[in-house]
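**Student:** Chain by chain, the residues run as shown.
Number of protein chains: 2
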Amino acid sequence: MAQIGILGLGTVGTGTVELIEKNNDIIEKRIKERIDIKKILVRQSNKERPIALKDKITYSFDDILDDEDISVIVEVMGGEEPALTYIRKALNKGKHVVTANKEVISKHGNELLKIAAEKNVNLLFEASVGGGIPIIMPLKQCLAANDIFKVMGILNGTTNYILTQMTEQNKDFDEALKEAQAAGYAESDPTNDIKGFDAARKLAILSSIAFNTRVIPEQVYTEGIDTVTHSDVIYADELGAVIKLVAIGKKNEGSVEVAVTPVLLKKDHPLASVSGTFNAIMVEGDAVGPVMFYGLGAGKMPTASAVVSDIMEAVRNKNGNKIYCTCYDSLKVLTPGETVSGFYLRLKAVDKPGVLSKIAGAFGENQISLSKVFQKNTINGTAEIVVVTYSVPFKNFQKALAEINKYEQIVEIATAIRVEGEL
Amino acid sequence: MAQIGILGLGTVGTGTVELIEKNNDIIEKRIKERIDIKKILVRQSNKERPIALKDKITYSFDDILDDEDISVIVEVMGGEEPALTYIRKALNKGKHVVTANKEVISKHGNELLKIAAEKNVNLLFEASVGGGIPIIMPLKQCLAANDIFKVMGILNGTTNYILTQMTEQNKDFDEALKEAQAAGYAESDPTNDIKGFDAARKLAILSSIAFNTRVIPEQVYTEGIDTVTHSDVIYADELGAVIKLVAIGKKNEGSVEVAVTPVLLKKDHPLASVSGTFNAIMVEGDAVGPVMFYGLGAGKMPTASAVVSDIMEAVRNKNGNKIYCTCYDSLKVLTPGETVSGFYLRLKAVDKPGVLSKIAGAFGENQISLSKVFQKNTINGTAEIVVVTYSVPFKNFQKALAEINKYEQIVEIATAIRVEGEL
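So the sequence lines, in the order shown, correspond to chains A and B. Heads up, the first sequence is in the working numbering, so the first residue is 8 and it goes up one at a time. Heads up, the second sequence is in the working numbering, so the first residue is 8 and it goes up one at a time.
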């Protein structure tokens, strides 16, 4: 019987408890031990707790920390503190830790994995990226023979749901966001999702593992989807593409490039058909080529699947060799100005002869080749112009934009979105 | 330094050697040991071997078996014998074994895993299913908290390439097969691929692990793609579907159903867009929901990716708790007659009034509801008729077919293909 303590009884905590109860017979057959939830840490409140759990509930972390029967501590409270402090204490006390906390792992994974190594305990965090989708262990073990040079994924279900609604149901951003909130797919304060911060944390974790170099969320160039309009979705469609919030990590000649941005993806790209709240992660290695992992990236039971599987792994592998921090390289993380990609640009200009050539001229002067330029609807003398560039250094693109912005014929530079591959 | 012996220097063996040489620095960082290929077993022949390998080559298996420096034996020769005997001897001698051999594992995995358990050594076979795609370890570990009730995959790249060519390039089966042979995607004797035997072995391995009950290839109902014609591909397209060779394993109320057959899949099914030589495996668990794994299911370097990653795992985990045979249940494997699915049927009949109603009548008498019936081209008085049924027990469908076949107006029952889901 493996006794565990759980920190937090929110959505993921409740799912974890339910899944252990439901599948404990299967768990016992698979790891030769049942899992016994001995204690659950919750905040003191008037909240009604399920009767079956009442004598497991505690309001004191030390009550769990000091319990010598408890060998695995499961952190599913979320947020940076006090989760970080609790995990640190648990590891230092020689307890195995399973966590779903992307914020703690993306910012403090290196410190925590070092403590885990000193204490020879497991620190597992499969649930921190991609919910129930197996990705951390496959990266660290199944693909370990590869030099991995790219990870690319749809890592946030909320934004993918919103973009899917904008594409398939012809909704504008605000409307799709409200609907996502009503459906429970977006929080009342959706900032972390919408602005790309959630995906940036997950990308920092994936990139650190894939490229064996430490990447923290602050180093990830991050743009949200709140500037994407329904017009962009329609023009993307005309260009044979869809707009997705994509997290991209690339390794190249001793440097790493990490970004979370809206991206125009050709419709035949494997990530283009990942819709709704589904997530997917593509990994490219020198031997394996491209592999993709797909599934539900959030939610009570999918996340509990990863948490409970990690608990089983921690119990099974308590005496085995463990994998700790794998960031043995120190690669430079490029600044956005040093990165290269194609761009889609939508702008509004006074509909007069010579405007298009002036815009094209500004790109030409900055060594930017254009793959497509077309003029759309003219309303009240203002024309909408769409430009697609070939690959271009981000700083050249910004310089061209600044020049174009000075032209008096330009009414507005509405959207600039990266393009992955060639349209 | 972990010293290994490799059995076989064909495509996968050569890839394994090349990958270890290329990435040994990365391997050393990741598992704290370099891999040293000490000996390679090849058949005595006049074949020219690379000079760099000359002093590693041996013609005697015992030379590797009795070498006390060698702790891991890598079997990449393929075929049932002598591979089975060699693996058995290696395990009994206390050596870790890594193999890519689907035939040996699907037929003898239980016996070999028992020996491995007795000797406390690793027996790893990630490369036996899906080439470089991580699937065995994800099933055994990352998804271990789930009650898994379905695995469904495109497990054979050769047949998927042929069906893709038939669909996208408007080719007939024979033409597409010849082209696949010319491109090196099909062997000169393509029987194992075309008839579904290769996929059946892989499904037996996946189902045994997913459902924790032993399934051997002989229990897999297996149909090949050689009866699929270009007409079927076109009619499937009109029905909003594609034809794929799909391996399906389902668990239901104490029994298991396993089949490899051509299947009509709706175009929005995640497996429908898996084209060319790519493979993909969907797994459905009670907590995680659907997850999919996608990548190159064969080929020199993708397969080497899985083999070398397994070697690294065997070295890393030599002293840890290992996962052996997980078939602790003994579920009944249903016979084809006990299974239920929808069917697509194409037949040729004399174009006379009353034929359609007679056909519909035969289905009705066998409690089979039809979702679609339509008549296609009539040539020289013979009409092509396409029927799509709702879900129906296979034995009822066969009974109806036998009755229809007796009608003198029926010229030919051309094709019967399973339908997954509703069209």
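No lab work stands behind these hints, which were simulated from the structure alone. Bear in mind that the values here come from a model prediction, so they are computed numbers and not experimental data. Check each hint, because a few of them may be wrong.
Because identical chains share one entry, a pair is satisfied inside a single copy or across any pair of copies.
Below, simulated DSSO-like cross-link-like pairs (lysine-lysine); rule was C-alpha separation at most 27 Å, straight line [what the hints assert, rightly or not]:
| hint | residue 1 | residue 2 |
| --- | --- | --- |
| 1 | K96 | K257 |
| 2 | K325 | K61 |
| 3 | K406 | K178 |
| 4 | K36 | K402 |
| 5 | K45 | K365 |
| 6 | K29 | K339 |
| 7 | K402 | K61 |
| 8 | K54 | K178 |
| 9 | K257 | K39 |
| 10 | K339 | K54 |
| 11 | K147 | K413 |
| 12 | K121 | K325 |
| 13 | K379 | K365 |
| 14 | K147 | K39 |
| 15 | K325 | K202 |
| 16 | K36 | K325 |
**Student:** It remains to establish, for every hint, whether it holds in the given structure.
**Tutor:** Now the hints, each set against the structure:
no. : hint        : in the structure
1   : K96 x K257  : neither (35 Å within a copy, 44 Å between copies)
2   : K325 x K61  : neither (29 Å within a copy, 42 Å between copies)
3   : K406 x K178 : neither (33 Å within a copy, 50 Å between copies)
4   : K36 x K402  : neither (58 Å within a copy, 36 Å between copies)
5   : K45 x K365  : neither (71 Å within a copy, 67 Å between copies)
6   : K29 x K339  : between (47 Å within a copy, 23 Å between copies)
7   : K402 x K61  : neither (59 Å within a copy, 53 Å between copies)
8   : K54 x K178  : neither (38 Å within a copy, 65 Å between copies)
9   : K257 x K39  : between (41 Å within a copy, 25 Å between copies)
10  : K339 x K54  : neither (48 Å within a copy, 47 Å between copies)
11  : K147 x K413 : neither (49 Å within a copy, 60 Å between copies)
12  : K121 x K325 : both (17 Å within a copy, 22 Å between copies)
13  : K379 x K365 : within (15 Å within a copy, 58 Å between copies)
14  : K147 x K39  : both (25 Å within a copy, 14 Å between copies)
15  : K325 x K202 : neither (39 Å within a copy, 45 Å between copies)
16  : K36 x K325  : both (17 Å within a copy, 23 Å between copies)
Comparing the model with each numbered hint stated earlier shows that hints 1, 2, 3, 4, 5, 7, 8, 10, 11, 15 do not hold.
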